[in-house]
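Q: If you want the building blocks of each chain, they are given just below.
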Amino acid sequence: MGSIEFLLQGFTVALEPIHIIFVTMGGVLGTLIGMLPGLGPATGVAVLLPLTFTMGPTASLITMGGIYYGAMYGGSRASILINTPGDGAAVAATFDGYPMTLNGEAEAALAISAIASFIGGIIATIFMVLVAAPVSRFALKFGPSEYFMLFLFALSATSSMSKGRRLQGFVSMIIGLMIATVGIDGQSGIKRFTFGILELQNGIDFLVVIIAVYALGEVFKSFKNIDEGTKKAQTKFGRIWISKSQWKRCWAPILRSSPIGFLIGALPGAGGTMASLMCYNNEKQMSNDPDKFGKGAIEGVAAPEAANNAASVGAMIPMLTLGIPGSGTTAVMMGALLMLGLKPGPMLFQQQATVVWGLIASMFIGNVILAVLNIPLAGLFVRVLSVPPKVLYPIVLGLAFVGTFAIGYSVMDFYILIIFGLLGLFLSNAKIPLTPMILAVIVGNDMEQSFRRALRISDGDFSVLLRSPLSISLFCLTIAFIAYPMIRAWIAKMRSSKQSS
Amino acid sequence: MNLSFISGIFSLVLGIGYTIVAFGLEKAAIGRPLEPRIFPVMLGGALIILSIVMIAKEIAKGEVKQKTEKDTEKKRSNLVRILLTALLSVIYAFLFDRVGYVISTVLFLEGVLWVFNGIEKWKTNTIVALVFSLFIYILFAKLLGVYLPMTPGIWI
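One line per chain: the protein sequences are L and X, in this order. For what it's worth, the numbering used here labels the leading residue of the first sequence as 1268, then goes sequentially. For what it's worth, the numbering used here labels the leading residue of the second sequence as 22, then goes sequentially.
The hints are simulated quantities; they were obtained by calculation from the structure and are not laboratory data. One or more hints might be untrue.
What the hints assert, rightly or not - Below, simulated BS3-like cross-link-like pairs (lysine-lysine); rule was C-alpha separation at most 25 Å, straight line:
#  : chain 1 : residue 1 : chain 2 : residue 2
1  : L       : Lys1610   : L       : Lys1491
2  : L       : Lys1491   : X       : Lys163
3  : L       : Lys1430   : X       : Lys78
4  : L       : Lys1610   : L       : Lys1488
5  : X       : Lys142    : L       : Lys1698
6  : L       : Lys1408   : L       : Lys1698
7  : L       : Lys1562   : L       : Lys1503
8  : X       : Lys48     : L       : Lys1491
9  : L       : Lys1551   : L       : Lys1511
10 : L       : Lys1657   : X       : Lys144
11 : L       : Lys1610   : L       : Lys1430
12 : X       : Lys95     : L       : Lys1488
13 : L       : Lys1698   : L       : Lys1488
14 : L       : Lys1657   : X       : Lys78
Claimed, not checked - Pulled a few chain L residues facing chain X out of the computed Cβ check, cut under 8 Å:
#  : residue
15 : Glu1272
16 : Gln1276
17 : Phe1278
18 : Leu1282
19 : Leu1296
20 : Ile1493
21 : Ala1697
22 : Lys1698
23 : Phe1718
Unchecked claim - Some chain L residues close to chain X (C-beta under 7 Å, calculated; not the full set):
#  : residue
24 : Gly1431
25 : Arg1433
26 : Met1445
27 : Ile1457
28 : Leu1664
29 : Gly1665
30 : Ser1695
31 : Asn1696
Where a beta carbon is used, it is the ideal one built from N, C-alpha and C, also for glycine.
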């Protein structure tokens, strides 16, 4: 059976009424959460996770997908109307979206952001249909040493993406791997780093760490600007749509930005933030009139919005096909999949074809539903922005605790939640990026297992890690990722010293 | 002393502590006896090296600019509120399965809303706390079938 047959089969799953209800519900909730300042898709999925626990794998995955791209849709609403992005991926939408609102063109900005998001999401999902199955078939050939190298590459790439704070990125990654080693070692039965605490024997649940960092940590961080009060958002709108001439300016940027966004999203570590900023700059450079960017150019909203939605789809590819999440949000989704008993990776496409293709098909449907909801109902949705954050953050806190309890029915997890929430706050105040840590917590166990399996095959000879061409190339890529910024900095230094002398 | 420097020290201490514990791990009874140690020891070593580089870089950069008084005062009030929230969370964890979900959550939210929203708005706070707790309880325990601890003696 080819991808198209699988996709059609997926549509029969995704079009079941209950799944349509779930994807709509997830999309709406995601849109609402994504709109709140500081709360992006990762927090959205983390906080709403417990809702999906009793649904069964397909419905749960479809709902989480809805929350994910719903939050991407929602993030830009707050950027456009009150200049406060919900998360990094929505930052680029403030550049021209907010000036458009100030110019009295909020309707066009809201409409184009939904249209661009829709087109970006659909194009990326088509790419995903084409790419996912071949990648997963290729990944079936991976042995333990290739897997270890792949994990190493993905984590190092994510860590070195932390702009200007690469060292801190790697520290964060190692701390994450350390968290993953706590508990009984699956292969030897030895207790590691449990310090005699019974509850630690099963390890620290990565979902608890995720909720701690993305929900509790964000709430703690919010104290910094909570007293600034709510910004008044425009709630009365004319017809939310765009004119023909505006569409003429936008279609090409949208079509250019979607594939770029998809590709960047699929790379480990580079997510929606980078995709949207890059596409924004692209369009600015390609424009005949770059000066109007930043003053309310509609292309400046269309390009990054298409890119970040495409990136959110692209990010699911390494997660589903290789078991390697490339972003915070996909890490949360992977955590939830593992909890449901599904193991993301090449075998997922072999053994759980209905679930995976149901998700992919539901992404088409979800994008249509969200575009339809987001254009006429924008005026209604943005009312959430007028609820004071002082009331919302305590509610997020309440959701974080009930979610944590639903994971393991253990109050002990509450203490872990509080400790890691404070740790997350401390690390982010010290400018240590948290995404590498989250990814490492999730893949840490698998990474160690593949490392040990490889060594067992070779009877303890480390050179086994670099025996196949594939693992050698992955290793070279890792080195390149780590070394490239250093080399670039070194060359720049040489040049400037030459010039001065 | 800035936070980057402190975080360098923090990760150094973590790295050293972790490595010491890693070297003291039990030997495996099956398979290679030292196998459970290899990966942790590598992690510990890597963290020690990274944090030394981090500390060295901070020292090389020198002292950063002084902060204004207003900043520190604001920081202190933030810290107080963060610690209060954390303390309320610990109390919540303690009460959670002793007095049941609804009552402990109402108390917890009242407390947290007091920290966030102020005591003057007690009416809003109480409504939010009550509605949230009951809504979540009915949604999870009754509709989704997720177990939440009940208050002894009452139906919720």
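Q: Give a verdict on every hint.
A: Verification of the hints:
| no. | hint | in the structure |
| --- | --- | --- |
| 1 | L:Lys1610 / L:Lys1491 | violated, 39 Å |
| 2 | L:Lys1491 / X:Lys163 | violated, 37 Å |
| 3 | L:Lys1430 / X:Lys78 | holds, 16 Å |
| 4 | L:Lys1610 / L:Lys1488 | violated, 33 Å |
| 5 | X:Lys142 / L:Lys1698 | violated, 35 Å |
| 6 | L:Lys1408 / L:Lys1698 | violated, 39 Å |
| 7 | L:Lys1562 / L:Lys1503 | holds, 22 Å |
| 8 | X:Lys48 / L:Lys1491 | violated, 48 Å |
| 9 | L:Lys1551 / L:Lys1511 | holds, 21 Å |
| 10 | L:Lys1657 / X:Lys144 | holds, 14 Å |
| 11 | L:Lys1610 / L:Lys1430 | violated, 31 Å |
| 12 | X:Lys95 / L:Lys1488 | holds, 13 Å |
| 13 | L:Lys1698 / L:Lys1488 | holds, 13 Å |
| 14 | L:Lys1657 / X:Lys78 | violated, 39 Å |
| 15 | Glu1272 | violated, 34 Å |
| 16 | Gln1276 | violated, 28 Å |
| 17 | Phe1278 | violated, 27 Å |
| 18 | Leu1282 | violated, 24 Å |
| 19 | Leu1296 | violated, 12 Å |
| 20 | Ile1493 | holds, 7 Å |
| 21 | Ala1697 | holds, 4 Å |
| 22 | Lys1698 | holds, 6 Å |
| 23 | Phe1718 | holds, 6 Å |
| 24 | Gly1431 | violated, 12 Å |
| 25 | Arg1433 | violated, 10 Å |
| 26 | Met1445 | holds, 5 Å |
| 27 | Ile1457 | holds, 5 Å |
| 28 | Leu1664 | holds, 6 Å |
| 29 | Gly1665 | holds, 6 Å |
| 30 | Ser1695 | violated, 10 Å |
| 31 | Asn1696 | holds, 6 Å |
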